[in-house]
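Colleague: Starting from the known structure of chain W, fit chain E onto it as the hints suggest.
Protein chains: 2
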Amino acid sequence: MSELRRDTLSDRWVIVAENRADKPDDFEQSGIPHRCPFCPGNEVDTPDSVATYFLPGEKPAGNWQVRVVPNKYPAVTPGGVNGNRRPLANVLGGLHFAKEGAGIHEVVIESPQHVLSLSDLSPEQASLVFLSYRDRLAALRQDRALAYGMVFKNVGAAGGASLEHAHSQIIATTFVPTEVRREIAAAQQYYKTEGKCCYCTTLDQELAAGVRFVGQSQSFAAFCPFAGRFPYETWVLPRRHASRFEESSPDQLAELAAFVRDLIGRIESALGPLAYNYIIHTEPFDTPRLDHYHWHIEILPRITRTAGFEWGAGCYINPVPPEEAAAVLRSIPVGKTS
Amino acid sequence: MSELRRDTLSDRWVIVAENRADKPDDFEQSGIPHRCPFCPGNEVDTPDSVATYFLPGEKPAGNWQVRVVPNKYPAVTPGGVNGNRRPLANVLGGLHFAKEGAGIHEVVIESPQHVLSLSDLSPEQASLVFLSYRDRLAALRQDRALAYGMVFKNVGAAGGASLEHAHSQIIATTFVPTEVRREIAAAQQYYKTEGKCCYCTTLDQELAAGVRFVGQSQSFAAFCPFAGRFPYETWVLPRRHASRFEESSPDQLAELAAFVRDLIGRIESALGPLAYNYIIHTEPFDTPRLDHYHWHIEILPRITRTAGFEWGAGCYINPVPPEEAAAVLRSIPVGKTS
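Going down the list, the sequences are from chains W and E. All the letters of the first sequence, read from the start, carry residue numbers 1 to 338 under this note's numbering. All the letters of the second sequence, read from the start, carry residue numbers 1 to 338 under this note's numbering.
Looking at chain W on its own, in the form it has when it is part of the complex (with noise of 0.2 Å):
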């Protein structure tokens, strides 16, 4: 159904997925209102499930409490070119290449309540979520097919979700995606030239300095990162060196999902409802442990726009420093929004 693209003058991967533009919009205002296909009730408005959680005791009464659904409007399907409206891009002597944009698409519903953040799960509702997409990594990277699984959420229109009821995405490809590789191998060359880690050591720097430290569970921590590119940018990292988020115990799984959870209740908080993007960072599905990557969640409050400037540059425009941030999140209580 669609087409991975990349040419030699933008050095950029692209998915051309045609069927995206189909997809229901809650917030598109000369949309047609349209009933929410994630509530219960209107399980027949999407695929069906692939997994689905109960809370103890509950599962004999049927009530899913989290569904993880394939896409139906994927940017990257199993069979690939199969059903394509057209046949591959007309590729040009070289600087073209396009292939069929092969992969897995899934979404996670992250409550059978109508709500709209992380922040509005109850810790334990929270907690399944966190155990689906380390179940869903751990299923993907079975497939030899794929090289990578990117976890990812959209909350709010300028966070680019089309549906306002709290989800998240999986998306594996055959491929490792650009900025994971950009990341990996600057890794790989602080661990060349230094012999650590390079996440580990900062971490150890920032909970030490703590101008940008926000705050630490048993096995994580979190801090602004030194150059974050939204205001209230704020990373969660594995406390001890992990490449694989889909290792994480069940016990840590519910220790992040409430650690998570917290930190965006603390964002809210300090800038009231806002749209934001999290992301999960972990390892290719192709690589052995590594010692020099450390699995991470990115937190993207996004509540600046991106402009020419980043567009041209690549460079971006942060007004809020990041240790003012870290003030200010420091500053708010833990648990305050549970």
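For the record, the hints were derived by calculation from the structure and aren't laboratory data. Hints should not be assumed to be uniformly reliable.
[Stated by the list, open to error] DSSO-like mimics (lysine-lysine), calculated; alpha carbons at most 30 Å apart, straight line:
1) E/Lys99 - E/Lys72
2) W/Lys196 - E/Lys23
3) E/Lys99 - W/Lys192
4) E/Lys99 - E/Lys196
5) W/Lys23 - W/Lys72
6) E/Lys192 - W/Lys99
7) W/Lys72 - W/Lys99
8) E/Lys23 - W/Lys99
9) E/Lys72 - E/Lys23
10) W/Lys192 - E/Lys72
11) W/Lys99 - W/Lys23
Modeller: Same frame as chain W, now just chain E:
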């Protein structure tokens, strides 16, 4: 006033510019109404102009047509750190890098009329705008401290504009921005193996193939790039190899302004009024004329929203095949919007 930062973790440059948070915003719904600082009579609301353009014969009457002024809320400043609210950030053991955000940030006020898009200007007015781009880039190139000058335009809230009165911006930096370096490196690599400019080659191929071709004038051609990030993304190139935009002649600039204005008018005819950016990609100040780089303008309609996948993957999902966009744009007669 601002600070340039890079850390190893993100492998990105960020400009931390606190004063940018203070700028007025026409699109902020909760904002206090303010008078437009770009309208005639309100010149006192902007710093003194560094260049002013008049229609032939109008200079004595003082009716300016285009004004170039220093940005009142600059991302970079000539003084660098002087007047900073705080000292440079605490830099930790080699992983972080910070320096003064030195440079020049100017605004091109494109018209005395409170209009919104380049397509609202007369061809003569648009010509003065492009003339001002050239003049400012040529002047900034003389400053040995500056490495690059980026001309860009933001239209509409989704395009990152904060004021609606038609304007462009120029940010000249003491470093060559990441995206420009990547683009030039990819072009250099192609030149090394193929012995020719990849832009010249692409142009020849796109003109011959026709499917992504949009239109041409005597000296310029436009096509929708094979791996465009955004629906209806359109690139404009000089048909004859040239690496420096600012060496265009006044006649060429007039032709280019009319051509770009018409292309934007066609995109607006196809999609309705929309947010967009355009960016002039020209070679760095500190290089000789490059055989492997070809200046160009990227027009980026902003009808889709970047979401978690794009931020995490550096890979874009474009729901409109460039071939389809080009066919629509070709079908709209040239000059329809004049």
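Colleague: Hint by hint, say whether it matches the structure.
Modeller: Hints, verified against the model:
1. E/Lys99 - E/Lys72: Holds - the C-alpha atoms of E/Lys72 and E/Lys99 are around 21 Å apart, at most 30 Å.
2. W/Lys196 - E/Lys23: Cα-Cα ~42 Å, so violated.
3. E/Lys99 - W/Lys192: Within the cut-off at roughly 25 Å; holds.
4. E/Lys99 - E/Lys196: 37 Å, violated
5. W/Lys23 - W/Lys72: Holds - the C-alpha atoms of W/Lys72 and W/Lys23 are around 8 Å apart, at most 30 Å.
6. E/Lys192 - W/Lys99: Given that 30 Å is the threshold and the Cα spacing comes to 25 Å, the pair holds.
7. W/Lys72 - W/Lys99: With Cα atoms ~21 Å apart, W/Lys72 and W/Lys99 stay inside 30 Å; holds.
8. E/Lys23 - W/Lys99: 45 Å, violated
9. E/Lys72 - E/Lys23: Roughly 8 Å between the alpha carbons, so the hint for E/Lys72 and E/Lys23 holds.
10. W/Lys192 - E/Lys72: Measuring from Cα to Cα gives roughly 44 Å; hence the hint is violated.
11. W/Lys99 - W/Lys23: Judged against 30 Å, a Cα distance of about 23 Å means the pair holds.
Checked against the numbered hints given earlier, the structure breaks hints 2, 4, 8 and 10 and satisfies all the rest.
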